[in-house]
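Chemist: Chains P and U, in that order, give the protein sequences.
In terms of our numbering, the first sequence is residues 1 to 560.
In terms of our numbering, the second sequence is residues 561 to 679.
Honestly, the hints are just simulated from the structure, not real lab data.
Bear in mind that the values here come from a model prediction, so they are computed numbers and not experimental data.
Some hints here could point you the wrong way.
To be verified - Computed spacing ranges between beta-carbons, pair by pair:
1) P:444 x U:627: 38 to 46 Å
2) U:633 x P:86: 52 to 60 Å
3) P:177 x U:627: 27 to 35 Å
Here a beta-carbon is modelled for each residue, glycine too, at the ideal position from N, C-alpha and C.
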Amino acid sequence: MTEGISPTRLRVLFALFATATLLLSLRVGYWQTVGRAALLEGATNQLQSDLVVEAQRGVIRDRSGRVLATTVDLRSLYAIPKRVPDHAEAAAKLAPILATPAATIRSALGSGAEWLYLKRRLPEPAARAVEALAIPGLGFEPEPKRMYPNDALAAQVLGFVNDDGHGQYGIEGAYDKLLRGVPGRLTVERDPKDRELAVGLRTAVPPRNGVDLVLTIDLEVQTAAERVLRRAVEKEKAPSGSLLVLDPRDGAVLALASWPTFDPARVAVADPEALRNRAVSWAFEPGSTMKAVTIAAGIDTHVVTPTTTYEDKGCAVIGGRRLCNAQGKSYGTTTVTQILERSANAGAVFVAAKLGQDPLYQYLRAFGFGTATGIDLAAEAAGSVRPLAQWYPVDVGTVAYGQGIAVTPLQLAMAYGAIANGGTLYRPYVVAATRDADGEHRTAPVAVRSPISPDTADTLRTMLVSTVDRGIAGGAKVAGYSVAGKTGTAQIPSEDGRYVDDAYISSFAGFAPANDPRFVAVIVLERPQSKLLGTVTAMSAFHDLAVDVLRSARVQPDRP
Amino acid sequence: MRRPFQARPRGGHAVPRRRSGVGTTWEVRTFVVVSAAICAVFLLVVLYLSQATTVATSGYETQRLERVRDELRRQNALLEVESARLDSPARIEAEAKRLGLVRAASVPVVQAEPIAAKR
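Please take these sequences and the hints and turn them into a complete structure.
Modeler: Okay, here's the thing in structure tokens:
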């Protein structure tokens, strides 16, 4: 057989085979030694998948356990355009469900992308409707979405979660680290159909879910607070307002409403000003609501009693300046109780003058003015009480009736809370408890200090009840209950250091039932259209709120 | 030519026959042992494959059930949100208003102590 083949040909063939064998051997040798790692990595990548398992964000609940914010996986609709048989037909079918023009969907499908989202985080009914269409080339991918079942309710308390899953503002911002939890990892081997191999490698570091928060907020009270605030703001065409409800017995915040407000689910279209929580971050000159603090200081230091009298001539002179009552009224012989009933500026100046600068300053600081309360919410303002060294002689008079000092609605509410509870100033708080795998951890109320004695607080309560029953705050009366409170009308400082003409801030601070206070509320309206009569609207709002709060808390009437 | 089976060894009786029996037994035994080993290995392989298949099938079934569980949990979470939305006091107030309901002008309160004192 081989006789016909020349030896040269045989040698060439042999050489070729030998070379090929050598090359193949070298290649195999290379993959077994130098290229082994890359080969292994490639094979492992084909087989294994390494995933980050996101932790479930904690749920936020009200004091009764009702959901205020929770995270749910919604389905995002994606498309692989090459697999969608008829773009025009698919777009026409999807348009009404996705509430997107068919042309937009068609252009997205025809954009040349291999894979794209058509709509992210679809509402469940829409996702089901799309699923029912069974259009080839469309699919769903779950994506977490923060949901607020009560819509805009308590928006400034809750804050919101941005697209990156980070909490912003309010509780979502302040407690973001706790709420977010710690993500886990999962490494598994998968088959060609991307199914997890039951007998394959599986290593997992489980995620640690975020902590659930139980707030002090009461959904019923919050709803009532937002309703009455909105009504008051709309009636007065006020650019802003805030309403705060606290439990004076421990400083728990029951409701916190701020106007303008926003919907946490639609932050992108919200007015930036609406994101601001005015109840804790807005400092304003409070006006006559401060008279209660001035008189509390006077009574606590025994320089005056409720029956101490002075001769009201309409104005008082202090530091060479005349400080007058509203609308130039003069009341003649007036008791300290009547100073509150009539809201006499000259009377407040009388008490402050007897008290002196230093004690007045010390009491203001003891009531917590000029210092942040330490509430567990972001962006709290400290207000402003100028250092005593910077006071002019006239300041002791103006501060006595709440001008020349800036406070937040929260600080004012805490001060009235101290009067209501017998003289203890608490640190306000919003998170009542945290719940994690170890169980529930409750927040202990913190008593900061006692600015006044229980006797002084008791006396003040009686005087403030008289202010509502017989005085200027009659609009806050609630049938069947004793109510204590005080109105406030303050001028607004302008940038040039003077006061704005004909514009005011109206407020009301009060609590009920006065004998065993269950709540303290402060309502503030900025620039009400009825100007000096803005306090009437504020009192009316307090009345409406008190009716709802007392009913929902099932508080027994303390009056016939 | 030698006839080994016909030659009678010294002093012995029927040794060749015995030798023949031992050889046969050994062959049979070897055959049986090897066959048994092959069968055992085969059975073990079958058993292993059967178990591996069962585990794999169970694994896929577990995954399917996990997906069902996750979906049920998701649906449950959605229902909780819907329940919270329907329970919202603001929604109930709006619905009551739509139905023409008005707020009670007064709420009578029954004091428990005087009633208890009468009994």
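Chemist: For a quick check of understanding: which of the numbered hints are violated here, in increasing order?
Modeler: Structure breaks hint 2 only.
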